[in-house]
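By my numbering, the letter at position 141 of the sequence shown is numbered 141, and the numbering carries on one by one without gaps.
If you are wondering where the hints come from, they were derived from the structure by calculation, not from laboratory data.
Some hints here could point you the wrong way.
Unchecked claim - Below, in silico cross-link-like pairs of lysine to any residue (SDA-like), each with a Cα-Cα straight-line distance of 25 Å or less: (1) K87 to K65; (2) K79 to M105; (3) K78 to K32; (4) K34 to A63; (5) K83 to L62; (6) K10 to A104; (7) K93 to T126; (8) K79 to D64; (9) K83 to A46; (10) K57 to A135; (11) K34 to T21; (12) K34 to D99; (13) K34 to K65; (14) K32 to M105; (15) K34 to K87; (16) K34 to W44; (17) K87 to E133; (18) K78 to L62; (19) K34 to C45; (20) K57 to G23; (21) K87 to M97; (22) K32 to K87; (23) K34 to S77; (24) K78 to T20; (25) K93 to G59; (26) K79 to F26; (27) K57 to L96; (28) K79 to W44; (29) K79 to C45; (30) K87 to M105; (31) K87 to E24; (32) K79 to K65; (33) K57 to A130.
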Amino acid sequence: SWIAVASATKERAPRFTARTTEGERFSNDSVKGKVVLLEFWTTWCAYCADEAPFVDKIGHELADKGLIVLAINVGESKKTVAKYLEKHPRTCKIVLMEDTNLAAMYQATVYPIYVVIDRDGNLAGTQRGAAGEGALHALLADAGMESPENRDSAKAAGR
1 SWIAVASATK ERAPRFTART TEGERFSNDS VKGKVVLLEF WTTWCAYCAD EAPFVDKIGH
61 ELADKGLIVL AINVGESKKT VAKYLEKHPR TCKIVLMEDT NLAAMYQATV YPIYVVIDRD
121 GNLAGTQRGA AGEGALHALL ADAGMESPEN RDSAKAAGR
């Protein structure tokens, strides 16, 4: 079961800083004009592992349209994450909990959690739990991030 939350009044995204495992730094100011998908995940979450390939695929497909995907690991050591990524490589940007203030804001009992920040720095939507690739495209569409998939499904849904 998953919950998608969309609201008519735009709420500002929380102030954040994040440093990837590659040393790249991100903050609210550095992502202005981009859409940001935050994926909160753990190594023990089977749904996270299932959804990782299409999260990476979407990140790759929409990068030139201004999408940044930050996969934020919650509550695990650098060593645990590194060992996991050797077996399950990712192409998106990985952030460890100790390198961002965001993980503490989105600690939960259900993973993955997806949070989308629109180009203006507002929260466009949140999804708690796995719901498949279509749901992720719909969440990104709420932030004005169009892809062939969500354009077709949005038309079908009469959006």
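Checked hints:
For the proposed pair K87 and K65, the alpha carbon gap of about 30 Å is over 25 Å, so the pair is violated. Between K79 and M105 the alpha-carbon distance is near 23 Å, which keeps this suggested pair within the 25 Å criterion. Distance check on the hinted pair: K78 and K32 sit about 29 Å apart at the alpha-carbon level, beyond 25 Å; violated. About 10 Å separates the Cα atoms of K34 and A63, which keeps this hinted pair within 25 Å; it holds.
Taken as a hint, the K83 and L62 pair is broken in the structure, with Cα atoms around 28 Å apart against an allowance of 25 Å. With a C-alpha separation of about 22 Å, the suggested pair K10 and A104 falls inside the 25 Å cut-off, and the hint holds. A distance of roughly 19 Å separates the Cα atoms of K93 and T126; the hinted pair therefore holds under the 25 Å criterion. At roughly 32 Å between alpha-carbon atoms, K79 and D64 are farther apart than 25 Å, so this suggested pair is violated.
Distance check on the hinted pair: K83 and A46 sit about 16 Å apart at the alpha-carbon level, within 25 Å; holds. A C-alpha spacing of about 14 Å is found between K57 and A135, which places the hinted pair at or below 25 Å, so the restraint holds. Restraint check for K34 and T21: satisfied, since their Cα atoms lie roughly 21 Å apart, inside the 25 Å limit. Of the pairs offered as hints, the one joining K34 and D99 holds, with about 21 Å between alpha carbons and a cut-off of 25 Å not exceeded.
In summary, the hint linking K34 to K65 is supported, as the alpha carbons are separated by about 8 Å, within the 25 Å threshold. Distance check on the hinted pair: K32 and M105 sit about 21 Å apart at the alpha-carbon level, within 25 Å; holds. Simply put, K34 and K87 have alpha-carbon atoms about 31 Å apart, too far for the 25 Å limit, and the pair is violated. A distance of roughly 30 Å separates the Cα atoms of K34 and W44; the hinted pair therefore is violated under the 25 Å criterion.
A C-alpha spacing of about 22 Å is found between K87 and E133, which places the hinted pair at or below 25 Å, so the restraint holds. Distance hint between K78 and L62 is unfulfilled; the C-alpha atoms sit about 28 Å from each other, more than 25 Å. Distance check on the hinted pair: K34 and C45 sit about 28 Å apart at the alpha-carbon level, beyond 25 Å; violated. Using a Cα cut-off of 25 Å, the hinted pair K57 and G23 holds, with the two alpha carbons roughly 22 Å apart.
Taken as a hint, the K87 and M97 pair is honoured in the structure, with Cα atoms around 20 Å apart against an allowance of 25 Å. The suggested pairing of K32 with K87 is violated, with an alpha-carbon distance near 34 Å, which exceeds 25 Å. For the proposed pair K34 and S77, the alpha carbon gap of about 29 Å is over 25 Å, so the pair is violated. At most 25 Å may separate the alpha-carbon atoms for a hinted pair to count; K78 and T20 meet this at roughly 12 Å.
Taking the CA atoms of K93 and G59, the gap is about 10 Å. The hint holds against a cut of 25 Å. Using a Cα cut-off of 25 Å, the hinted pair K79 and F26 holds, with the two alpha carbons roughly 22 Å apart. At roughly 21 Å between alpha-carbon atoms, K57 and L96 fall within 25 Å of each other, so this suggested pair holds. This hinted pair checks out: K79 and W44 have alpha carbons roughly 14 Å apart, not beyond 25 Å.
Between K79 and C45 the alpha-carbon distance is near 17 Å, which keeps this suggested pair within the 25 Å criterion. About 28 Å separates the Cα atoms of K87 and M105, which puts this hinted pair outside 25 Å; it is violated. As the CA atoms of K87 and E24 are separated by approximately 23 Å, the hinted pair is consistent with the 25 Å bound. Restraint check for K79 and K65: not satisfied, since their Cα atoms lie roughly 33 Å apart, outside the 25 Å limit.
The hinted pair formed by K57 and A130 meets the criterion: a straight-line CA distance of about 16 Å does not exceed 25 Å.
Figure legend: structure checked against the earlier numbered hints; hints not met, in rising order: 1, 3, 5, 8, 15, 16, 18, 19, 22, 23, 30 and 32.
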